[in-house]
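Since the structure of chain A is already known, use the hints to place chain E on it.
Top line first, the protein sequences correspond to chains A and E.
Taking my numbering, the leading residue of the first sequence gets -7, the next gets one more, and so forth.
Taking my numbering, the leading residue of the second sequence gets 2, the next gets one more, and so forth.
These are computed hints drawn from the structure, not numbers from a lab.
All of these numbers come straight from a predicted model, not from anything done at the bench.
For each residue, glycine too, the CB sits at the ideal point set by N, CA and C.
Among the hints, erroneous ones may be present.
Quick list of the computed label-pair ranges, beta carbon to beta carbon [unchecked claim]:
#, chain 1, residue 1, chain 2, residue 2, range
1, E, S15, A, H250, 42 to 48 Å
2, A, Q237, E, E21, 28 to 34 Å
3, E, E21, A, Y263, 39 to 45 Å
4, E, L19, A, F279, 25 to 31 Å
5, E, Q7, A, Q237, 20 to 26 Å
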Amino acid sequence: MSTEYEAVIGLEIHVQLSTRTKMFCGCELSFGDDPNVHTCPVCLALPGVLPVPNRTAFEYALKIGAALDCELATVSTFDRKNYFYPDNPKAYQITQAARPFAVNGKLGDVRIHHAHLEEDAAKTIHTGGSGRIKGSDASLVDFNRGGTPLVEIVTEPDLHSGAQVREWGQLLRATIKQLGVSDVNMEEGSLRCDANVSIRPVGSTELGVKTEMKNMNSFRFIERGIDAEVARQKALLEAGEPVVQETLHFDPATGELHSLRSKEEAHDYRYLPEPDLVPVVPTQEMFDEARNSLPELPADRARRYEDLGVSEQAALLLSFETEWAGYFEEVLDAGDSLEPRVVANWVTGELSAELRRQEDRPLADSNVPPASLAALIGLVARKKISHGAGKTVLEEMVSTGADPETVVADKGLEQISDSGELEKIVLQVIEENPKPAEQVRAGNEKAIGALVGGVMKATQGRADGGEVNRLLRQHLGL
Amino acid sequence: MIDREQVLHVARLSRLRLTEEEVDTLTGELSSVLDHVDKLAEVDIEGVEPTSHVVPLENVLRDDVPVPSLDRDVALSQAPDPHDGAFRVPSPQAEA
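In isolation and in its complexed conformation, chain A is listed as follows (with noise of 0.2 Å):
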């Protein structure tokens, strides 16, 4: 009898703060400038300096922490975290260990460990060799990046597959751009995920041997990389073999995982407490303003959609886009006793589909004002016109910015009403269609959809699909 393993996974997101200036020094931040332009004595660690930190970026990571729930701690101090290593030229980072600013949250259905504040490293690039770090032979460091203010938050391990990870980070990501703290832009770093992957038996409440998955900058490539580190642990299992403990790149171009040299073996870091910085006691002023400020976050936005009765996947395509959400309330208010539910599935699919569909327009260039859309939905549910037909409106309105009354006049696409003419035309497909007719009545109804199609076809889209149905099914003896 083979095991059944569950995977446990738990997360460590590094969020870069849009401040103006990095952690400790007023180097302006950047992204893509020539390298060591914003540099200075504090962020190069010239002999004799002192950091100081930014009080913006404190109060930016005192908004983190308040949105995932997290207890703001009243003192928060600062570490030095050493390694020897060409990114970080202290030889240390200053990072919090002991008492970081934030702990024991929750964000969905996974809770928080704590967050802290902590300094980016410099960027390096490695030379020779194939460019990448094995076999070059010399670094290029540009310290732009270095002194980066970040905050990293560290999960409890209540993850148990990729697809999780994904949908979880995503909702982590929503929420941190809701706060307005952080680009969260992973192609460009500023939102950067670590997973750390074991394998138990089913039932088990001890933690496997774990790997750690570096830096993916992508939620899809997360999901494939975990779920390709989970299959790989269940195959040594499976085998008598341990897993080792390492650190793991995921190549999402070949699917393929390889082994990394750790910047420091065993991860001996010496924590000791940064004698250069005194403690942070936030103000009540400081605290009240992280908490008051919050926004109306995803989560809560989503739970709000679905009270309205939005199906569980558009409310929560809405509520991680602020645009797309505020978009959705305009064509709500805008509409005439509209539900809801149906006004969601025409902004987060027809609309998006057809957005998508020309040329890939972002919803701010959308010549579909919200009480145009409004006014469509409107036709629909009133069965003015087919839910078929308002597509071809909404193409229409998406392309020329037309309004719905009028493009339902030039195209002649009322609805059908007369069920007398319905009717005719039913039976006309039905005779036209003997072989689709004979499958129905032989009892396969699936067939039917091919006279529901001949039906829409001769009415170029104007009838009633579900009356269609009824009258197909009436003269089939369904």
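Showing chain E alone in chain A's frame:
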């Protein structure tokens, strides 16, 4: 007491290459340094909050306002091997 293995471990962490004699010397010297510091363990710290800083200050924070950075030429002037505007250093992999 500190043993040879610990000296070698710390040397590896610091990327220092030590001769055999240096390892022997350091093993002795570091041990006596640690013994000296160990005197602190005799102090009764029952009920004393961990001190992160000896100066009774808190909330020394800076406004998020940019100040001019160094000219790159100045920043790189002390670099032994600048290249294309970057600090060029031996590959960390090469010494491993």
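Here is what the structure says about each hint:
For the pair S15/E and H250/A, the beta carbons lie near 27 Å from each other, so the given range of 42 to 48 Å is not met. Checked against the hint of 28 to 34 Å, the pair Q237/A and E21/E passes, with Cβ atoms roughly 32 Å apart. For the pair E21/E and Y263/A, the supplied restraint of 39 to 45 Å is violated, since their beta-carbon distance comes to about 31 Å. About 50 Å separates the C-beta atoms of L19/E and F279/A, a value inconsistent with the hinted range of 25 to 31 Å.
Range check, Q7/E to Q237/A: Cβ separation about 22 Å, and the 20 to 26 Å hint holds.
When each numbered hint is compared with the structure, violations occur for hints 1, 3, 4.
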